[in-house]
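Participant: Chain residues, written in single-letter form:
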Amino acid sequence: MEFWIGYLDQALIFAMFAVSLNVLIGYAGIFSIGSAAFGAFGGYSTALVLLGQGMPALPALLIGAVIGGAASLLISGPILKLSAEYVMLMTLSLSILTVTVIVASPQLGSQQGLIGLPLPNFGGSDLLLPSDYVPWLAIFLAVAVAICWIIAESPLGRLLRAAKDDTVAVRSLGKNPLGVQLFTFGVMAAITAFAGGLLVLYNGIAAPSLFSLDQTMLVFAMVIVGGTASLPGSIVGAILIVAVSPVLQQVLKLRPEDSALIRPVVFGLLLILIMRFRPVGLIPERRRVLRPRDATGKGGPSAEEARPTHTGDAAEVAPRKSGERPEPVVVIEGIDKSFGGVHAVRDLSLQLRRGEITALVGPNGAGKSTVFNLITGELRPDAGVVHLGGTDITRWTPERVARAGMVRSFQDLRVFGSLTPLENVVMAGRPHAGENPALLFFAPLRWRRQEREFAKTAAEWLTFVGLDPEIRTATSALSFAQQKQVAFARVLATGAEIFLLDEPLSGIEGSAAEELLALIERMRDLGHTICIVEHSIQAISRLADWGYFMENGTVTAEGRIHDLLADTRLAEAYFGIS
Amino acid sequence: MDLTLIGQLVLNGLITGVQLAVLGLGMSLILNVAQRFHFAYSLTITLAAFVAALLGQAGVPGPVAAIAGVVAAAVLGGLIELVLYRPLARRSGEAALLPIFVTALGLAIGGQSLIQFVWAREATSIAFELVPVTIIALPFGLRMTTFDLTALIVFGLVAAAGVVALRYTRFGQIVRGVRVNPSMAKVVGIRPESVFVAIFVVASAGSGLYGVFAAARYSATPSMGYDPMFSAFVIAFLAGATAPGLRVVIVGLTLGIVQVVSALVIPSNLTNIVIFGLLFVYLLLKGSGVIRLTPVMAARS
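Going down the list, the sequences are from chains F and V. When we follow this note's numbering, the leftmost residue of the first sequence carries the number 1, and every step to the right adds one. When we follow this note's numbering, the leftmost residue of the second sequence carries the number 1, and every step to the right adds one.
One or more of the hints may lead you astray.
What the hints assert, rightly or not - Partial chain V-side listing against chain F, Cβ under 7 Å, derived: (1) G93; (2) L97; (3) V102; (4) S113; (5) F230; (6) P267; (7) N269; (8) F276; (9) L283.
As the list claims (entries may be wrong) - Under 8 Å between C-beta atoms, here's a sample of chain F residues computed to sit facing chain V: (10) P135; (11) I239; (12) P264.
Said to hold, decoys possible - Over 12 Å on every C-beta distance to chain V, these chain F residues come out as not near it, computed from the model: (13) I25; (14) I79; (15) L129; (16) R346; (17) L445.
Don't read these hints as lab results, they were simulated from the structure. Built from N, CA and C at the ideal position, the CB exists for glycine as well.
Work the whole structure out from these sequences, hints included.
Facilitator: Spelled out as structure tokens, the structure:
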């Protein structure tokens, strides 16, 4: 029996490796291949503390976890904002080199490892037999799963998922996900380091073979076989993968040395087959999606009820005197941008005035969307300045610009495909207490209350744009027109004063287009300042108060939109007709 | 400082570097044109080494065994793309990075263990003699073996052929076209999927060549593919996605020289740390925007 319990112990330890890796891969989209390295940091730190300080096992494990988490974060943190391929390469390198360094270091016992570790003692008793470990390992795993669950299934986890779908869109809503990504990475590395410490204690030795690249792959296999973004799946995956070896020995009667070789063949094959025939894993992702009833305690708001009470920070529009235009809120002066040899925007100046709809019109390739990127901080101008309400925002980041009250939409929508429409819109709310790591763990009532408020507001905005807030499917599964509604509701829900709308009507027509036009007019009537890039002349002539005509990256004409559209030279430049 | 020693180290670095350059060229094509995070590159290296070593043990002349090893690697590489990666890429579209990596991981783990189970259960390494080894004296007190000379010539010719082919031939033109715009390549009658298979065959042959020479230098071992695969990834990333073949070769040569020369100051088994350090600094600079390469994969992710 102890034979099987020994493997149960291993499964419990490796489940800790697997759940923490799964949070990184499945929720945060951080493709780390560094599990064994992080485990080694923790394992060797724990062993050194035990040998050097004679400390009890639990404090030694915790110190190992802190050191392991910090070291992992220090080495891998700086590259987390790069694309997935770089993160994979860096963490893969770390896995390979950690063992190389250990083997070359006599202080770490080289190939033989650190031996002579004391028997672990938990709760006043020494752990001698595999069965002695089971309750403690189960407790540690439960704590690890609880931490992972709180992070993954919370507003912070939603922010991670959104960033995994589209970081640019998250930043355009005023949030920088890098902080929570680093926090999550550090916590998961610490859990992995803790598991590494347990592995060392369980084996009674800190040896490089415990943390080889093969171990990283083993953990990866557990996550994939169980199912990404599925914490129960990772536990099942760990049990299955660990069980391969005893099954080969006991059931198929293979010699231990043969079973050690066949085992990787089996799970290598499992990985290939899972990816080919069941990429969601054995236990697919199941999560509790946010619903309007979370906010109201009953069903979602009716269309009549859904009148957004929060109309943003838009100022009241003073009654206009005839012929007089309102004051400018955004002033762009002489901005320039080149990409290599292409001069996309040159010496461009324009103004957006409070409560007006300003149109940027011009032929394809004139640089209209680039102007949006330059105004919102997505791109840095080579020259020129951008002022928002008198403040120079030229060097501001996109999230800072958004928080200052200027938010944009995207021509290609950039909705968070894996989130529901309601969750998409909730992302656009004010800073959420549940996205703050400290408040997430220590002020659960506060963030849960805020979650209900945000869900209620988001449901109202969705109803406002004509979409059912009860839709519980992923937004990527909706029609293009519905996704457009989600994107528009998300922009409105930011409560910004200024909206930059990039091709809001592209891809929709008929009544859907008419409803959207009416919505834009309503936002203008509520006092918002709007800048719109749109190819539909009908829409522009209906909406815009003022227009800028752009050609070859610069403004060549401005004026009342009807005057611009009546200009035959501009019509020729725009339509290619005379 | 002993100039002869430095000269010798640079020469050794060149020999190492030119081999890494061939390995890097293949990985660069796989990463930047076929867009696969091909972790199983280690497997084609190991397979070629074992095929050559086993045939050599069976009495087959070294060069013939080496060619057989290279062919085995090329066939395996082509099959991996055709049978495993292509269906996943079709199904997953832009989200194919993880499925392909996981599949490659499965291949690397399973393949390596299978090789060990079938061919290296008793002896964990198999020696292979490619050419008889004698020492050649060079001017300025430098020395090299006939094996090193063979490696320098063979890998030098392959690297040069790769650079020329990518730059001046119809094949190179097609590869560049597919890298920049696969959709447009289709419009003009090129089948990107066929190009990907061709790239896998050629790159895997290059990795096989590396494996065969590594087996002859040290011996064939089941885990011999990981370190060179790591170097190949680093070279491909450092050279950048838009890099022509020549830049990949220069990065490979530089890395080889740096790796060997760094053995002057750190133990030779830790020279990979130098590569890691270079990569880390590069990524830090890249992260802070100092270096602005625009890798195709990164741009599409």
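Participant: Against chain F, is S113 (chain V) within 7 Å by beta-carbon distance?
Facilitator: 4 Å, holds
Participant: Let me know if the C-beta of G93 (chain V) comes in closer than 7 Å to any C-beta of chain F, holds or violated.
Facilitator: 12 Å, violated
Participant: With chain F as the partner, please determine if F230 (chain V) meets the hint condition of a C-beta pair closer than 7 Å.
Facilitator: Check passed: Cβ of F230 (chain V) comes within 5 Å of chain F, closer than 7 Å.
Participant: Is the claim that R346 (chain F) lies outside the interface with chain V correct, judged by CB distances over 12 Å?
Facilitator: 21 Å, holds
Participant: Is the hint on V102 (chain V) kept, meaning its closest Cβ partner in chain F is under 7 Å away?
Facilitator: 5 Å, holds
Participant: If we take the beta carbon of I25 (chain F), is the closest beta carbon in chain V still more than 12 Å away?
Facilitator: Label violated. Min Cβ-Cβ 7 Å, cutoff 12 Å.
Participant: Does the nearest C-beta of chain F fall within a distance shorter than 7 Å of the C-beta of P267 (chain V)?
Facilitator: Hint on P267 (chain V): holds, closest Cβ of chain F at ~6 Å, below 7 Å.
Participant: Once the closest CB in chain V is found, is it more than 12 Å from I79 (chain F)?
Facilitator: 5 Å, violated
Participant: Test the statement that L129 (chain F) is away from the interface with chain V: the closest C-beta pair must be farther apart than 12 Å.
Facilitator: Answer for L129 (chain F): holds, closest chain V Cβ roughly 31 Å.
Participant: Would the hint on I239 (chain F) be counted as holding, given a Cβ-Cβ threshold of 8 Å to chain V?
Facilitator: This interface hint is violated because 19 Å lies over the 8 Å limit.
Participant: Let's test the interface hint: is any C-beta of chain F closer than 7 Å to that of L283 (chain V)?
Facilitator: Result: holds, 5 Å to nearest chain F Cβ.
Participant: Next item in the hint list is P264 (chain F). Is there a CB on chain V closer than 8 Å to its CB?
Facilitator: 4 Å, holds
Checked against the numbered hints above, the structure violates hints 1, 10, 11, 13, 14; every other hint is satisfied.
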